[in-house]
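Q: Sequence:
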Amino acid sequence: MSPTSQPTIPRVALVTGTSSGIGEAVVKHFCHLGHQVLAVDYNPDGKAIADAAGAAFFEADLTGADACRAAVAEAVKRFGHLDILLNNAGIQHVASIEEFPEAKWRQILDLMLTAPFLLTQAAWPYMRKAGWGRIINIASVHAQVASPGKAAYISAKHGMVGLTKTAALEGGALGITANAICPAYVKTPLVDNQIADQARMHGMEEQEVIEQIMLKNAAIKRLIDPSEVASLAAYLASDAAGAVTGASWNIDLGWTAQ
4 MSPTSQPTIP RVALVTGTSS GIGEAVVKHF CHLGHQVLAV DYNPDGKAIA DAAGAAFFEA
64 DLTGADACRA AVAEAVKRFG HLDILLNNAG IQHVASIEEF PEAKWRQILD LMLTAPFLLT
124 QAAWPYMRKA GWGRIINIAS VHAQVASPGK AAYISAKHGM VGLTKTAALE GGALGITANA
184 ICPAYVKTPL VDNQIADQAR MHGMEEQEVI EQIMLKNAAI KRLIDPSEVA SLAAYLASDA
244 AGAVTGASWN IDLGWTAQ
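For my numbering, add 3 to where a residue sits in the sequence shown, where the first one is 1.
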């Protein structure tokens, strides 16, 4: 999983949620390894990030089914095939179940569970035809455990692990692997933006949120760097990981060791 290791064969990868955080780190790392990458994000600012990394960019709101299919079609149009699908796009909303807006629930589930399913479904025929494919779903430590105030996010991430396992079983005979990566809190804008929400919900100072909520259950008391997740994704996307499928890879600072 060294950042300097090279893939056996450069592949074509579609990565979602690429304008910041984990997705941005994956795009940069995959391009460094020689992969051809289509970076997909609803934020047009993602184009500059993709251009700087050497990736192509496709602007899309993946809460729509047509946009998911269009993203896969764009990757195949540009590069001729599709080998790696990394589902990362996500949003967060912090509120109690009693106060959680139905519209926000639906948006989060559409983006973080339905979209990965539709993208996988659209990519599947190309991977099956090639006899080789890698599906990598960025889940979360919250795919393993729950926390208050995150009903939609946690439901989506738990569902993503189920989707990963099903894809692994269906893809095994076809040369397609599927794995989930389950990080604890990563130093990303998504995490930064929810600190204030958590502080309001729990009546805490923002630094207390980091110490008493985000890092409370961690053995290693720090946030994860996005590049650490990207390195694990690169391994799972490689030929070396051909025997690895249906697994949830915890990169959680020891959170679930208790």
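If you're looking for bench data, these hints aren't it; they were derived computationally from the structure.
The structure presented is a predicted model; accordingly, all values stated were derived computationally and were not measured.
From the three backbone atoms N, C-alpha and C, an ideal C-beta is built for every residue, glycine too.
It is possible that some hints are incorrect.
Below, in silico cross-link-like pairs of lysine to any residue (SDA-like), each with a Cα-Cα straight-line distance of 25 Å or less [unchecked claim]:
1. Lys-224 <-> Gln-261
2. Lys-168 <-> Gly-57
3. Lys-219 <-> Ala-246
4. Lys-224 <-> Ser-251
5. Lys-168 <-> Tyr-129
Cβ pair distances, simulated, as ranges [stated by the list, open to error]:
6. Gln-210 <-> Gly-83: 48 to 54 Å
7. Arg-203 <-> Gln-261: 24 to 30 Å
8. Leu-172 <-> Ser-230: 30 to 36 Å
Q: Of the numbered hints stated earlier in the document, which are not met by this structure?
A: 2, 3
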